[in-house]
Amino acid sequence: MPDSKLKRVDLIFGEYSNVKYKVLEDTLKRTHEEIIDDLLESGLRGRGGAGFPTGLKWKLTAEAPGDEKYVVCNADEGEPGTFKDKEILMRVPRKVFSGMAICGKVIGSKKGYLYLRGEYKFLLPDLRKELDFFHDYTKKLGFDFIIEIKLGSGAYICGEESALFESMEGYRGEPRNKPPFPTTSGFMRKPTVINNVETFVNVMMIMRLGPVQFKLLGTSDSRGSKVFSVSGDTPIPGIYELELGMPLDRFVEEFGDGDTKAVQVGGASGFCVPRKKFKETVIGFEGVPTGGSMMLFNSSRSMYNVLHNYLEFFEEESCGQCTPCRVGCQQLRKGIEAVKRGVKKAVYLDQLMKLSESMKLTSKCGLGQSVANSFSSIVYNFKEEMIY
Amino acid sequence: MTPNESHFIGELVEKHGRNRTSLIPIMQEVVARNNYISDNDMTEIARELDLSAAQVFGTATFYAFLDTQPRGRFVIRVCKTITCDMHGKKLVIQTLEDMLKIKVGETTPNKKFTLLETNCLGWCHEGPAMLINEVPFSGLTPEKVHDIISEYMMK
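So the sequences go chain by chain: A and B.
Take the first sequence: its letter number 28 is residue 28 in this note's numbering, and every next letter is one higher.
Take the second sequence: its letter number 64 is residue 64 in this note's numbering, and every next letter is one higher.
If you're looking for bench data, these hints aren't it; they were derived computationally from the structure.
This structure is a prediction, so every number in the text was calculated from the model and none was measured.
Just so it is clear, CB atoms sit at the ideal spot from N, CA and C, and this is done for glycine as well.
Accuracy of the hints is not assured; some may be wrong.
In silico lysine-lysine, DSS-like type, Cα no more than 25 Å apart, as pairs [stated by the list, open to error]:
#	chain 1	residue 1	chain 2	residue 2
1	A	LYS279	A	LYS340
2	A	LYS190	A	LYS59
3	B	LYS15	A	LYS344
4	A	LYS111	B	LYS155
5	A	LYS121	B	LYS144
6	B	LYS15	A	LYS110
7	B	LYS144	B	LYS101
8	A	LYS129	B	LYS15
9	B	LYS101	A	LYS121
10	B	LYS15	A	LYS334
11	B	LYS15	A	LYS150
12	B	LYS111	B	LYS101
13	A	LYS150	A	LYS111
14	A	LYS129	A	LYS105
15	B	LYS103	B	LYS155
16	B	LYS101	A	LYS340
17	A	LYS261	B	LYS90
18	A	LYS340	B	LYS111
If you want the footprint, here are the derived chain A segments under chain B, 3+ residues with CB under 8 Å [as the list claims (entries may be wrong)]:
#	segment
19	53-60
20	220-231
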């Protein structure tokens, strides 16, 4: 796109050196304090969606008491509309492994795990091959760090960090109560750093460029660039690395099909932004945050169908452990069906909105808490489509 | 259970270790070999790992890919999440149903194919998409589905 208004970046997938694992080798010569300082200085926040400051997470885990600590890479990418981690693991797995190894050095861990969703099992042969190379290389450097791949088995909830630990330990993927947080009690109840695939790559970027250069991208709340997964009604679906903090209207101008009526930012658990709010909406932690999922809908789409699809998704993927989420997801789906069929009056939607708010307040984990995001933003902005 | 089967589970336990963290990897390998985990397999795994059969059953049934129902040699999972749905998933399902002469959720009488729907596979930019066992196929059209399935029918 020659007249592109959005700043395109090519840091995540770019090749910078002919020597594999050069940045890792250089970084391992530094002290763990220096590395943490760089990460804190960079303002890097986790790329999975929640946006916790990465430097702080590593610092807390490094300081946590205990000899046995773990590094976990969350590659259980299940959010509808998100497919960037797959792309990263296909194209630059060495950057992910390097980021994990640096984390191992910083927190004093000898063992890392990559939790790969079952749907991505086809990536295993290539990842194992790269891991063999990685292990040979770190052995030569005299750096003791082993990465093992754990495979998921088709459960969205396992992307939630504590559910992911449960699954790694051989249990049903049911989220734990927090606190304690993974920094003190994660995998096997030991201090654990768990980060998204992209976050580990961002760490490598900061190690190579330095925090000052990294901070030149993005805004004060959202530093750096981000890999976006663009899908839906767009002529150019795919993976794009863009600067954070961009206004949504410019995004739509570039990726829309000229008839975009809504953008779902952050997947089924994210927010639906209608056309009239494109201009005032900023994509980033200060505005609408996203793990990277951007789904565009044009005026031919029924937002009732979109919401119904999301609710069916949540209903199936709810772990069923806590009542607000287990029952709430079912009732929201049945509720909008009843309104659509005319069995319930339109004001019933207000009741459902209240229910979604209760779910936000009382659900145990992020799944149940975030159903209200898409539910209320779609029902509020497209009420007539819910009724007629 | 045949002695052969019992032997197989014993080998998996040796390979992965006799502890709880091995449970899911063991079950994943059973599914990879037999397409599902039978009640007998679950009881045998429970005995080997010193767990109750209920714990094994509870864990298996939590995960969509750890089938506890008999499945065909090729399990087809079609993505039903929003962007695949918008871009022609229904036609894909229809084509599969016509070709295999089964409905979603069923297995062909020759035990070769099982047709299922699943949640987001991570191919939203190239939807509709499906998995056949672990192999992904994207950008599906009725024609493309026809070619793919015809090929699998010969296998």
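A quick look at each hint next to the structure:
Simply put, A:LYS279 and A:LYS340 have alpha-carbon atoms about 31 Å apart, too far for the 25 Å limit, and the pair is violated. Using a Cα cut-off of 25 Å, the hinted pair A:LYS190 and A:LYS59 holds, with the two alpha carbons roughly 15 Å apart. Our distance criterion of 25 Å between C-alpha atoms is broken by B:LYS15 and A:LYS344, whose separation comes to about 57 Å. Between the alpha carbons of A:LYS111 and B:LYS155 the distance comes to roughly 41 Å, so the proposed pair goes past 25 Å and is violated.
Only pairs whose Cα atoms come within 25 Å are accepted, and A:LYS121 paired with B:LYS144 is accepted, the gap being roughly 22 Å. Between B:LYS15 and A:LYS110 the CA atoms are separated by roughly 22 Å; this keeps the pair inside 25 Å, and the hint holds. A hinted pair counts as satisfied when its Cα atoms are at most 25 Å apart, and B:LYS144 with B:LYS101 qualifies at roughly 18 Å. Restraint check: the Cα-Cα separation between A:LYS129 and B:LYS15 comes to about 21 Å, which is no more than 25 Å; the hinted pair holds.
Distance restraint check for B:LYS101 and A:LYS121: the Cα-Cα separation of roughly 28 Å exceeds the 25 Å cut-off, and the hinted pair is therefore not satisfied. Under the criterion of a C-alpha separation no larger than 25 Å, the hint pairing B:LYS15 with A:LYS334 is inconsistent with the structure, at around 47 Å. For the hint pairing B:LYS15 with A:LYS150, the CA-to-CA distance comes to about 15 Å; that is within 25 Å, so the pair holds. About 13 Å separates the Cα atoms of B:LYS111 and B:LYS101, which keeps this hinted pair within 25 Å; it holds.
In summary, the hint linking A:LYS150 to A:LYS111 is supported, as the alpha carbons are separated by about 13 Å, within the 25 Å threshold. Between A:LYS129 and A:LYS105, the direct Cα distance comes to roughly 23 Å. Compliance with the 25 Å bound is thereby established for this hinted pair. Taking the CA atoms of B:LYS103 and B:LYS155, the gap is near 21 Å; set against the 25 Å cutoff, the hint holds. Distance check on the hinted pair: B:LYS101 and A:LYS340 sit about 33 Å apart at the alpha-carbon level, beyond 25 Å; violated.
Restraint check for A:LYS261 and B:LYS90: the C-alpha separation of about 23 Å stays at or below 25 Å, so the hint holds. The straight-line distance between the Cα atoms of A:LYS340 and B:LYS111 is roughly 40 Å, outside the 25 Å bound, and the hint therefore fails. Counting residues of the segment 53-60 of chain A whose C-beta sits closer than 8 Å to any C-beta of chain B gives 0, which falls short of three, so the coverage hint is violated. With 3 residues having a beta carbon nearer than 8 Å to a beta carbon of chain B, the segment 220-231 of chain A meets the requirement of three or more and the stated coverage holds.
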